[in-house]
Amino acid sequence: MKRIASLAGVFLVAASVLAGCQSAQEPPKEINLFAWSEYVPQGVIDGFTKETGIKVNYEAYASNEEMLAKLVSGAQKYDLIQPSEYTIEALIKENQLLPVDWSKVPNSKNIGSQFKNLPHDPEHKYSVPWMAGSVGIVVNSEKVTEEIDEYDDVFQEKYSGRIVVLDDPREIVSWALGSIGKGPNDVTPETLEQVKPILAKWLPLVKVYDSDSPKTALLNGDVDIGIVWSGEAAILYNENPKFKYVLPKEGAHQFVDSLAIPANAPNPEGAMAFMDYILRPEVSKLISADFPYTNPNVEAQKRLSPEEKNNPASYPPGDPKLEGFRDIGEQAVQIDKIVTDMKAEG
Amino acid sequence: MKAVNTSLAIWTAVVMVFFYLPIAILVGFSFNTSRLNILWEGFTLEWYASIWRDAVLVRALENSLIVAAISTLLSVVLGTTGAWMLYRYRVPAVRLWQTLVFIPMIIPEVIMGVSLLILFVVIQLELGFATIIISHITFCFPFVMVAIEARLAGLDASLEEAAMDLGATPAVAFRKVLVPYLMPAIVSGALMSFTLSLDELIVTYFTASAGTRTLPLEIFGRVKKGLDPTLNAISTVFILATVSVVLISELLKRRSR
Amino acid sequence: MRTGQTTIAAAASVRQRTPGVTAWLLMAPLFLWVLLFVVAPTLIMLVYSFCERGTLGGVVFKFTLANYAAVFDATYLRIVIRSILFAGLTTAVCLVMGYPVAYHIGRSSEKWRNILLMLVMIPFWTSFLIRTYAWMTILKSEGLLNSLLVQYGLITQPFEMLYTPGAVVLGLVYTFLPFMILPIYTSVEKLDNALVEAAFDLGAGPMRAFSKVIVPMTSPGITAGILLVFVPALGLYAVNDILGGGKVDMIGNIIENQFKGNARNWPFGAALGIALMAAFGIAFWFTGRRQATVQTS
Chain A
-4 MKRIASLAGV FLVAASVLAG CQSAQEPPKE INLFAWSEYV PQGVIDGFTK ETGIKVNYEA
56 YASNEEMLAK LVSGAQKYDL IQPSEYTIEA LIKENQLLPV DWSKVPNSKN IGSQFKNLPH
116 DPEHKYSVPW MAGSVGIVVN SEKVTEEIDE YDDVFQEKYS GRIVVLDDPR EIVSWALGSI
176 GKGPNDVTPE TLEQVKPILA KWLPLVKVYD SDSPKTALLN GDVDIGIVWS GEAAILYNEN
236 PKFKYVLPKE GAHQFVDSLA IPANAPNPEG AMAFMDYILR PEVSKLISAD FPYTNPNVEA
296 QKRLSPEEKN NPASYPPGDP KLEGFRDIGE QAVQIDKIVT DMKAEG
Chain B
14 MKAVNTSLAI WTAVVMVFFY LPIAILVGFS FNTSRLNILW EGFTLEWYAS IWRDAVLVRA
74 LENSLIVAAI STLLSVVLGT TGAWMLYRYR VPAVRLWQTL VFIPMIIPEV IMGVSLLILF
134 VVIQLELGFA TIIISHITFC FPFVMVAIEA RLAGLDASLE EAAMDLGATP AVAFRKVLVP
194 YLMPAIVSGA LMSFTLSLDE LIVTYFTASA GTRTLPLEIF GRVKKGLDPT LNAISTVFIL
254 ATVSVVLISE LLKRRSR
Chain C
399 MRTGQTTIAA AASVRQRTPG VTAWLLMAPL FLWVLLFVVA PTLIMLVYSF CERGTLGGVV
459 FKFTLANYAA VFDATYLRIV IRSILFAGLT TAVCLVMGYP VAYHIGRSSE KWRNILLMLV
519 MIPFWTSFLI RTYAWMTILK SEGLLNSLLV QYGLITQPFE MLYTPGAVVL GLVYTFLPFM
579 ILPIYTSVEK LDNALVEAAF DLGAGPMRAF SKVIVPMTSP GITAGILLVF VPALGLYAVN
639 DILGGGKVDM IGNIIENQFK GNARNWPFGA ALGIALMAAF GIAFWFTGRR QATVQTS
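Residue numbers (my numbering), protein chains in the order written: chain A, -4 to 341; chain B, 14 to 270; chain C, 399 to 695.
Don't read these hints as lab results, they were simulated from the structure.
Treat the hints with care, as some may be off.
In silico DSSO-like cross-links for lysine-lysine, where the CA-CA straight-line distance does not exceed 30 Å [as the list claims (entries may be wrong)]: (1) A:99 <-> A:244; (2) C:509 <-> A:332; (3) A:244 <-> B:238; (4) A:280 <-> A:237; (5) C:460 <-> A:239.
Between the sequences and the hints, there should be enough to build the whole structure, so can you do that?
Next comes the structure, spelled out in structure tokens:
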């Protein structure tokens, strides 16, 4: 009886060791990627799967907060998410991200130095920049002939009813802050009080609020000037070079969408393999070809076509003053309320 | 009488023009060379070819059809029996139930989506077809119930009782007498459910998984890059397919008579 | 209130029975569904509406009434009133446009009926976004409608249609018209032919026959149509965003922004949603109550 029991014990141990070995040999062959819609080209995903055998389940979202809602609900575990800079910061503050083991992502050497150690990830521990872009002024130069290079130039009485802006309270307030010489993150009750009269003057001039496709109103000729994502401006420029993109000299918002690994990721190894894969210059180039944002990968930038490099919305000339958004916590609620009130007044 | 009927027919035609005017634009733009769905440039068939290359889009359409078909079927069953039961039997707190059924219609989609997502986490139901279909039934069946209730109002009680007097069990009376009587409302409810389910975006976002993305999710994701005419092409193919199925089935019905 | 009277008369014509075991079993799916997928999620949101805002979205389970205090604010009241006006106008236009169509479909021969019904629905089996963008092509200043009007000399210069409240109502009517037509059709279809003809033959004139006989008899369908258009129209804001240029907010935007916008203020969004539901739940309850009281008296 005893012998049988000990034999069984040996078997159990052996079996569990074997099982252990097996699971060590075969890491889960898939990763759950939760990224912006249409931001990850199918070709890149297919290439990665072909090379590594890791299947990519690509789920998409349309805003950082939409992503957070599903992430914090815990309904699904993700290996990779693609938040923008202020969301990365919020996630780091709440210990929701795993640090990246850079030894497993050797291609991280390709990341341009100006995209490392940004304020949202100061020690460059948690995120791999995917694409960067800015929010600037786009002008239909056939209709608007004067020089436009400040926020105040846009919101002039003569352009009343010819303006499109992003439907995004934080963005709108950051422009008003810029116009009084403040940075986009100087958000305090006092500065918010200061921007109120400016917004009261600006918002009635706006014809269209659109965050999803502000290019439509410009292309249709229903408006002549706008403050939009650089990607939208790049598409407009490709469509017709009469659409000029200007970064306001007070400074503009630069967003950096990055890959990061949630703390509860089932397959961080696979996630890092994906990070390394997309940092290859030839792969990163494919992403640029699909989406006309600024590629933070210096090696990939070298391989872009002249047209891609010369699109002023993707690669603004000169040395513009750019700043990312920081996580501003509760102040976001105030910003939301102010813009809602102002719009309701009109 | 004749004049009235003619003017009604003319008015119906006018409303049909209103319905199909944007559809004509949609179909027209499916032949447009411009990638952006905004200005007309020239004629091409390229977008129809690109449907077959766009596996993601076709998969999303399949998912949408699966979800819409199952949700419609179950919503009709749930809504029809529900409406009939509340109508026919003395149910305690009937007004409360009717008001509760009304909630999914008034509740903002985002609240419904988030709260169902949290519910699914609590009851540990993995996101996928099941969760999408449950959510879709939840916002569809009230529409069926309202349509059925409207038809039940003014129902001649003798109809059902006569059938029962002839020896039919309640189940048979329901099937042989009531269902045919309710058929127009059932069809209306089914059409509304199918339409709502096929085009729902927000609740679906919160309850879908990576593998079960539906067409509206896919299309909304493409707005930023510009809604390319492949989307118009796939809509055109879908409309043509439905119209021909309807016409053929009507023709067959007529022939069989 | 004609609507009320007919419904009551109708309800009174059927003797309600006490449910037996089979009836309870048949009712069970509905009750379970409502409890699990309607009541339970609503309770979750009710709890959330009394919590504090979580930093990443979600809530912190600490009791507060602050969210409800914030709901009663002049701005939101104004937004709710505007949403009600838009939904009300949409419902009225849908009723006027849709009733004759529903009547026509309901009175046509059986072979035409199904085809017409399908024709009403098929446009809506395309994507909402693409349909709405198609409307932009029609309405924009250099668009189809303006160029036609200019060409035929009806106007001298493009008329501003897109990004106006009119465009929003047009988009809403377009979206919801089928939801008015279908339930009314359902009521019209069961009208007794002899009765309709008698009404016309009495020499009352088509208008009188219509208002005195046909409208009252189809009132359950009208009520259902109004419900199915007004309630969803109240919450839909995407039309306002695209065709109205998002210049004014609708109650739907405000609530959605609390979950999907920068503020990430779920508890406040939940409180707004619960307040909206409560207001309409009470209105719905009492309209039904009144009917029931009339019925028993």
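The hints, checked one at a time:
no., hint, verdict
1, A:99 <-> A:244, "violated, 40 Å"
2, C:509 <-> A:332, "violated, 56 Å"
3, A:244 <-> B:238, "holds, 27 Å"
4, A:280 <-> A:237, "holds, 26 Å"
5, C:460 <-> A:239, "violated, 50 Å"
Consistency with the previously given hints fails for numbers 1, 2, 5, ordered from lowest to highest.
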